[in-house]
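Using the sequences provided together with the hints, build the complete structure.
Residues per chain are reported as follows:
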Amino acid sequence: MKRLIPHPLLSLALILMWLLLTRFSIGQLLLGSMVSLFAGWAFGAIEPAGPKLKKPWKVIPLFFIVGYDIAKSNIDVARVILRGPRPGAEGPGFVTIPLRLRDPAPLAVLSLIVTATPGSVWINYDPDTGELLLHVVERGDTDWHALIRDRYESVLMEIFA
Amino acid sequence: MELILSAAIGVLSASGIWLLLRPRTFQVIIGLALLSYAVNLFIFSMGRLTVGVPPIMPKGGFVDPTRYADPLPQALVLTAIVISFATTALFLVVMMASRGMTGTDHVDGKDKD
Amino acid sequence: MSALILSYALAYAQTAIAIAVCLCCWRLIRGPRAQDRVLALDTLYASTMLLLIVSGIRMGTSFFFEAAVIMAVLGFVSSVALAKLLFRGEVIE
Amino acid sequence: MIEQNLLLILVLLPFLGAIAAATLPVNAHNAAAWLSGLTMAGGLVILAGFYAPISHGQVIHSVVQWVPAIGLNLGFRIDGFAWLFVTLVLSIGILVVLYARYYLAKNDPVPRFYSFLMAFTGAMLGVLLSGNILMLVVFWELTSIFSFLLIGYWHGNPNARDGARTALVITAGGGVCLLASMLLLGQIVGSYDLDVVLASGDIIRAHPTYLAVMVLFLIGAFTKSAQFPFHFWLPGAMAAPTPVSAFLHSATMVKAGVFLLVRFSPVLGGTDIWFYVVTGTGIVTLIMGAVIALFRHDLKGLLAYSTISHLGLITALAGIGGSAAILAAIFHIVNHAVFKASLFMAAGIIDHETGTRDMRRLSGLIRMMPITGALAIVAASAMAGVPLLNGFISKEMFFAEAVDWHNGTWLDNALPWLATFASIFAVAYSARFIMSVFFGPAPVDLPRTPHEPPHWMRRPVELLVLICLIVGIVPDQTLGPVLNAALGSVMGLGTPHYDIAVWHGFNQPLIMSLLALVVGALLYALTGRWVARGPEGPPLLHMIRAQKIYEWLMLRLSWKWPRVVHGRISTEKLQPQLRILVLLSLAVGFTALWNSGFIGPRAKWNAPNLAFGLMWTVGAACAIAAAWQAKYHRFAALVLLGGAGTVTCITFAWFSAPDLAATQLLVEIVTTVLLLLGLRWLPRRRSEIMADRLLPARIRRGWDLVVAVVAGTGLAAIAYAVMTRPLVPNIGDWFLRNAYYEGGGTNTVNVILVDFRAFDTFGEITVLAIVGLTVFALLRRFRPAPESVAAPEQQKGSTSKMLSNYLFVASVIMKYMFPVLIVVAADLFFRGHDLPGGGFSAGVTVATALLLQYLATNVKWIEARITVLPIRWMGFGLLIAGATGMGAWAFGYPFLTAHARYIDLPLIGKTPAATALIFDLGVFALVVGATVLMLIAIAHQSLRAARMRETDDDTKPDAKKEPA
Amino acid sequence: MIAAQHLVIAPVIIPFIAGALTLLYDERQRRAKLGVSLVSTVLLLVVSIELMSRTKGAGLTGQGGEIAFYLLGDWTAPFGITLVLDRLAAMMLMLVALLAIPALIYSAAGWHKQGQHFHALFQFLLMGLNGAFLTGDLFNLFVFFEVLLAASYGLVLHGSGQVRVRNGLHYIAINLAASLLFLIGVSMIYGVTGTLNMAHLSKLVALLPESELPLFRTGAALLGLAFLVKAGIWPLSFWLPGTYMAASAPAAAMFAMMTKVGIYVILRLSMLTFGVAAGPSAGFGAEVLVAAGIATVIFGVLGTLASQGLGRMTAYQVLVSSGTLLTVIGLALMGGGEKMLGGALFYLVSSTLATGALFLLIEPMSRGEGGIAAILALTADAYGLDQPEDDGAPEMGLAIPATLTVLGLSFAACLLVLAGLPPLSGFIGKVAILSGLLHNPALPPMLGWGFLALLVFAGFATLIGLVRIGIQTFWAAEGPPPKVLALEFAPVLMLIAMICLMTLKGQDTLRYMEDTAQSLLNPAIYANGVLTAPSVEEEAARQEEGTAQ
Amino acid sequence: MNDIPLWLAIPAAGLLVIGATLVLLGASGLVRLHSFYQRMHAPSLITSWGTGAIVLASILFYSGQAGKPVLHDIIIGVFIMITTPVTMLLLGRAAVQRDQSGADQPKPPNPAP
Ligand code: NA
Ligand code: NA
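Chains as they are written, first to last, in our numbering: chain A, 1 to 161; chain B, 1 to 113; chain C, 1 to 93; chain D, 1 to 964; chain E, 1 to 549; chain F, 1 to 113.
Mixed in with the good hints there might be a few duds.
[Claimed, not checked] Here are the simulated BS3-like pairs of lysine-lysine, each with C-alpha atoms no more than 30 Å apart in a straight line:
#  : chain 1 : residue 1 : chain 2 : residue 2
1  : D       : Lys801    : D       : Lys860
2  : D       : Lys815    : A       : Lys54
3  : D       : Lys106    : A       : Lys52
4  : B       : Lys110    : D       : Lys560
5  : B       : Lys110    : D       : Lys631
6  : D       : Lys815    : A       : Lys2
7  : D       : Lys860    : A       : Lys52
8  : D       : Lys815    : D       : Lys796
9  : B       : Lys110    : D       : Lys815
10 : A       : Lys58     : D       : Lys815
11 : A       : Lys58     : A       : Lys72
12 : D       : Lys106    : E       : Lys483
13 : D       : Lys815    : A       : Lys55
14 : B       : Lys59     : F       : Lys68
[Stated by the list, open to error] Label pairs and their computed distance ranges (CB to CB):
#  : chain 1 : residue 1 : chain 2 : residue 2 : range
15 : D       : Thr799    : A       : Arg100    : 20 to 28 Å
16 : E       : Glu539    : D       : Thr867    : 30 to 38 Å
17 : D       : Thr951    : A       : Asp103    : 31 to 39 Å
18 : D       : Leu16     : E       : Ala402    : 17 to 25 Å
19 : E       : Ala32     : A       : Leu53     : 50 to 58 Å
20 : D       : Arg701    : E       : Glu287    : 29 to 37 Å
21 : E       : Lys56     : D       : Ala206    : 19 to 27 Å
22 : E       : Glu539    : B       : Val53     : 33 to 41 Å
23 : E       : Glu287    : D       : Asp108    : 53 to 61 Å
24 : D       : Thr867    : A       : Thr129    : 56 to 64 Å
Everything labelled a hint here was simulated from the structure, so no lab data went into it. None of these values were measured; they are calculated from a predicted model. Yeah, the Cβ is synthetic: ideal placement off N, Cα and C, and Gly gets one too.
Here's what the structure looks like:
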């Protein structure tokens, strides 16, 4: 079973995607399942096992947190664009944050969150030291260490085993 | 719209032709790509311009052809896109090989004009 | 009424996005560095995709969906390749 | 009937003999000689059978149809003239065969010689016997070709090669002119039948093209019979083995020319221009040949110029025309053949025995080889025109014509004098031949000690000399009847019968002969020593050698000037070629538009949209910027190209072509990556190329800019003109109406691609497959420039760790896109028939998904996990598409007939089930295979380069690393 | 059981299947690939013989009975794509097969190992050629042009090396540009007339309103230019000699056919659309064709004389042949008549065979000692290659005695054909053209004479050039004769045998050609036939009706 | 378009305006901001709520038109969110490396050994 369906969750998500792409019908469900199972199976060749999940439901609050953060940052960055960035240490610059996460998968999710949020870009993660280099558009108001480590990283550490 | 599109065809093809006449292989390949955009648009324009009526038919019922875009130029462009993709790839590899063997990226395989 | 509101909104959206594309293009041409161009192209891509969606709504067809999906799902591939070339001097090793 | 067949056999026999001889082993000297001799003897037997009817003025015809559609038939005819000529050819041929048997050396490839000789004889007989003037040209050219092979028989000798080539170029070139004249004759007369042509002299002479016909004809005849100014090939041809010279320059090759002159003189002759040109040329050749012959030191050279001179005599006679002149011409043809053949053979014996042909070294040979000497002396006397020998009689006849015949022109009045003058020299060179070779002190320092040759080598000479004597003494009894028959066949009915007598009384011609003999002898006696000391050729005149002029001219005409002109009107460079193509398109396009009047635009257009206009501002800016940057900033150009492509894609979507938009996008993505992959192998361009700043480059760029702008404007104008006119009723409507009902799909474009015009797609996927294969094949042999083998600058001093760190996070997302993209591809594939999408889009999507994995990791990593055999995919894809197409045959339908219906499946509902879907599956498989193949083949080059670097480092451990 | 009517498409399908099949074999299984390729090519010959015999109807009296149609997908013209097999197409198919077998055999002597996928490319080339000759649809013609061009790109580059790549680059660049022109032309014609079907087009041209003519003619002219590039017209042919010379021998031999595709299309389309029935457009472009043809002949002749090597010279001979044919097509548009055109078709076939044979002769003729291995090593060297990667065991084959003699005779035969000297087919062809031209009162006599002078001049120059090479090779060469394998001789001899057969069967061949020309000059038969060809369904319906009554 | 109920049309129009404005802002940031690293932040306006708003508007519109939820445009939003960061990640890192090797650009802290 594991060999045939190495990524059941992924396949499920893909079926959902299939139904979104086409239309909801039994036939499409069947076809979509076949396609999705195949896609999952093919992915198994690249990545034999997916990440282990501990508390996957925690992704739902995270989703809303991130959605809110992004909306807020939209306004911040829009302001920066309209007014120009603040000068000096308040303004744009690089920020280094030591991370506790080591697994690529949660790190990837973190990178998505950080980068999708306007105002911060994930520049580099050093797997040896666990240090994250960010570029932020305003170093001033935000405590980036706290934001990343407490607001996102800790949740991710809960979700992923 | 017709004027805009024909101007677009003109600019694309002029840029493409100018590059086609340049001495470096990469210029030629970019020129060919631009030219093929121009030609694809040109073929496409031969079916006249229609906005918002793709040639996708209802399932059954009377079909009034004048209400839809001419599908044939579209089919031709599709074939042309694929073929020009293939030939671009080929030209690229020949360009690489020529550069490797002659030591220059000049189209004549030697740097001296 | 719906039509009126929507058509104004759509006209605005279409024009605004088109202007946005022009701005991307300015950066694309201007550079000055390669990474600027890649960034501009990626942005241009995303904006164009949105223009596609908006135009689809304006024309009342949903046939642009496929193109938009392709742009969303695959558009980043060329940007990735471009970025990788900048970083490594090579796209695939 | 028998006669017709015999005639065919007569022509065919030598060719058969030639083929038989060619198959003999190299050392079969005797067999080859016997074969040739018997073949020719067989021909003579057939001729003997023809004698009776021919002598009664009968003409025997035989026709085999070859290409009657163009009047090209193997028509043969034999009349008196042809009979006489063929007999001469075959008789001398037998003697040459016999002679050659002893002449050729042990290690010469003898069967080849006989084979060529026989083939040549066959061609010669063909010329003589053709009853179709086109066939005559055919055989005429064959004589050129085989004589070329014969002259070049000893091709190890450069002189032989040059001589052979000159002979071929001159005579075959003449033959081409002859062909032209024959074609024109055929047009005038309406037939290529020789009999018809011969009977149409009046029509021909009155025709406006008469002059052209005559000139072309004469070029043909003069080149062959070595008339001035085409004479020089003949001395050059003396590099041939002597038997060849004896054959070609006595009875055959050169005589073909005069044969033609005589044959056609009643048709083309009789006009003043004919007389001036033909007789004039003849006389010039006669004199020139005679004079030069005296000054040649080489025996064969002397004989060669003598031959030229005698051919001039015959030509002059043909120019005069009339029965008596023609009779003299025919008679002299025979006589000259006989004595000249014997003289060549004698010269060959002398060469063979002494090892030299230089008359200055030869002397007093009469003591060592008295019989040969005597024979040669008799033959040379015949050549000089000594009475009681055959040469005398025909020369007398020529003198008589010169004296008696009048047409009142200055040339006519000068003829006797000119004839006598030439004769004096003929006597002188004959005397020189006799005196310097056979008399005088014993020779010293010869390469070989001379003695009499083998008996059988001398027999032919003996026989020929005997004929000289007999004909010289009793001409009328021996040759009278045949000559008259020949004359009758040339001149037609009502030709008077001529008695050929030795003695005509003490008349003017005899005086001329005696004068020539005396003065000639004196000339030699007085100048002999001086001539021997002089150069090879007449004083001063030897400086102007026709051969040299020919070579000078030939070198220029056929090599130097063509090279110069060719260089001017050609180029090896790509840019001018493309420039010409663009300019020609412009010219062609504008001319076609211009000639047909102005096209005014009609009012039919869509209201402009601001957003669309802005998009194209972007597109145009990108295109222009890409053009601007492509030389020094390739990367920027590539990115800009992407911008232009995106706008193009939007345009497709805007104007109702969602399929195009999707496909354009996909292709653009793959193309960008492909180009990026290639970018790595191009030379780095850090500094500006200096020449770019110079004026020529600026002018070139400016000019190209003008061309490009004009061309772009032209294309835009055409597009505008078409777009703004109302749509004509077109076949597109039919597709719209029938897509759903007949094609079983709602997406008309897709139905066209996989059903209505699936054959296009069928070809298109083949193109993709071919390109994939070519790319693969080329890259298997790819050799990067040394500069590109080195790691890119960015990787200098970096480890592979750096790459994995770089991709550490990003690769996770990229990998997860793989299954997503497979699902997207499947969606595109299945919906294609009804909505935008299809096998091609799906295929590119899958290929891109795979490509993404290569980008996310590295080649080794990914290939350890996923094995794609792209070429197999391509093969299966093609076979699926082909098999789907052929599946229709089973139901009696043509290739690619699709069957479409919606099937009601339980649970699933109405499902489209078109065989077109299977076809699309083939397309899908192929596209995946081809795209992946191309991408991966290029990508692998980096791996190879890395490996090359490693082996380099291994082999050169202490080689310094390039400074970064 | 496959019904006989499907044979029409066989010339496209057979090489397609063969090409696809060879992809399933591993690269090292060359013998298997060769086998597939050979079977396919021989089948092609058999099929083309059968197809040709089908078109040998009773000429004009047959009223189109000798033309076969194949409606792809069972869609009737002008909507679907129709294959049309008439005499001209059958003749070209035959010529392809006749050239392909020798080229393939020749490749088996070693060339097919000098790179990847030779056999697949070769088969796809055949597919492209055959498709181009059969199709009755303009855009489908484009597709098959691309198929054959793509395959030719592959074959030009087969074996790789500096010379091939450099020339290949030019070849590809120019042909890509020409393909774009092709597309512009085709789409303009569609935009103006609304059709892609050649037969339909031929009907529509005469009905085209005055106002549409300019655009239509521009489209046609641009299209024509694209074909002229393929046909190698001066001044668009500078790429040709280098490319042909660089190509490996079997590829070059097939290339003898490539320019003929351009010629074929120009002939086909000009007769269909600008023939006498085309109304105001009749004779469009004739003068251009004549002028360009003459220029090309002159250029080819100059090139022949200016060349040092046989390869280049042969390539220029290809141009001479092209120019001659184009001139004749132009004259035919002016009313030159079927005799002249028939002669030109005869000339086309014979010159193609001869140039093909010459391309195969180049290598053995320029080879010193050591057989094919030496020449391959030598070319690898000259072409700037490091090492052949996948050399198998050296090719075993029978070396031929009397090598020089056979080579020399073969060379001489080619020379005679190309120079138009008797007695071989080249002479018949030229005489047929000229006598057709001279006997035609429709054309001004000066034209005939001028062309006569041109042909005479061209033939003579060819003779001079080729004799120079021949003497250098066969007479001036020192050292022992080269080793040549039977596999290399046999193909040349096959081609020469074909030439000889054509010569002997001159009357029959020429008659066929003249009939072909006659039907070309009456495009209505073709057009009506295509437009009324019934689909299988219609046929069935009609039969049902018949039985009902 | 009048078949869309007003209660859908108004939020859809609003979302369109917001989305388009964000797009315009993002693109102008690309032009206005001074250094590459600053400019990197601008597009995220487009790819986050710019896209989100327009996609939502589209969902509202098509759902209103069809009279039932038409959600497939979600996919576009989701994948834009997922894929754009990949580019940014790789591009940002590449820019840093390029700046370290280039002399005339401001140097960021050394991110990696
Ligand atoms: Na961000
Ligand atoms: Na002497």
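For the range 33 to 41 Å, tell me whether the beta carbons of glutamate 539 of chain E and valine 53 of chain B fit it or not. 36 Å, holds
Need the status of pair lysine 58 of chain A, lysine 815 of chain D: alpha-carbon distance at most 30 Å? 24 Å, holds
For the pair supplied as a hint, lysine 59 of chain B and lysine 68 of chain F, is the alpha-carbon distance within the 30 Å limit? 20 Å, holds
C-beta pair glutamate 539 of chain E, threonine 867 of chain D: status relative to the range 30 to 38 Å that was hinted: 49 Å, violated
Could you see if the CB distance from threonine 867 of chain D to threonine 129 of chain A stays within 56 to 64 Å? About 36 Å separates the Cβ atoms of threonine 867 of chain D and threonine 129 of chain A, which means 56 to 64 Å is violated.
Please test the hint of 53 to 61 Å on the beta carbon pair from glutamate 287 of chain E and aspartate 108 of chain D. 57 Å, holds
Assessment of proposed distance window 50 to 58 Å (beta carbons of alanine 32 of chain E, leucine 53 of chain A): Given about 52 Å between the Cβ atoms, the range holds.
Satisfaction of hint between lysine 72 of chain A and lysine 58 of chain A, Cα-Cα up to 30 Å: 22 Å, holds
Given the hint that lysine 860 of chain D pairs with lysine 52 of chain A, does the C-alpha gap stay at or below 30 Å? Distance of about 26 Å is within 30 Å: holds.
Does the alpha-carbon distance linking lysine 815 of chain D and lysine 54 of chain A stay inside the 30 Å limit? At roughly 22 Å apart (the allowed maximum being 30 Å), lysine 54 of chain A and lysine 815 of chain D satisfy the hint.
Hint check: lysine 106 of chain D vs lysine 483 of chain E, CA-CA at most 30 Å. Holds or violated? 26 Å, holds
Verdict for threonine 799 of chain D, arginine 100 of chain A (Cβ pair) under range 20 to 28 Å: About 26 Å separates the Cβ atoms of threonine 799 of chain D and arginine 100 of chain A, which means 20 to 28 Å holds.
The structure does not agree with the numbered hints 3, 9, 16, 21, 24 stated previously, though it agrees with the rest.
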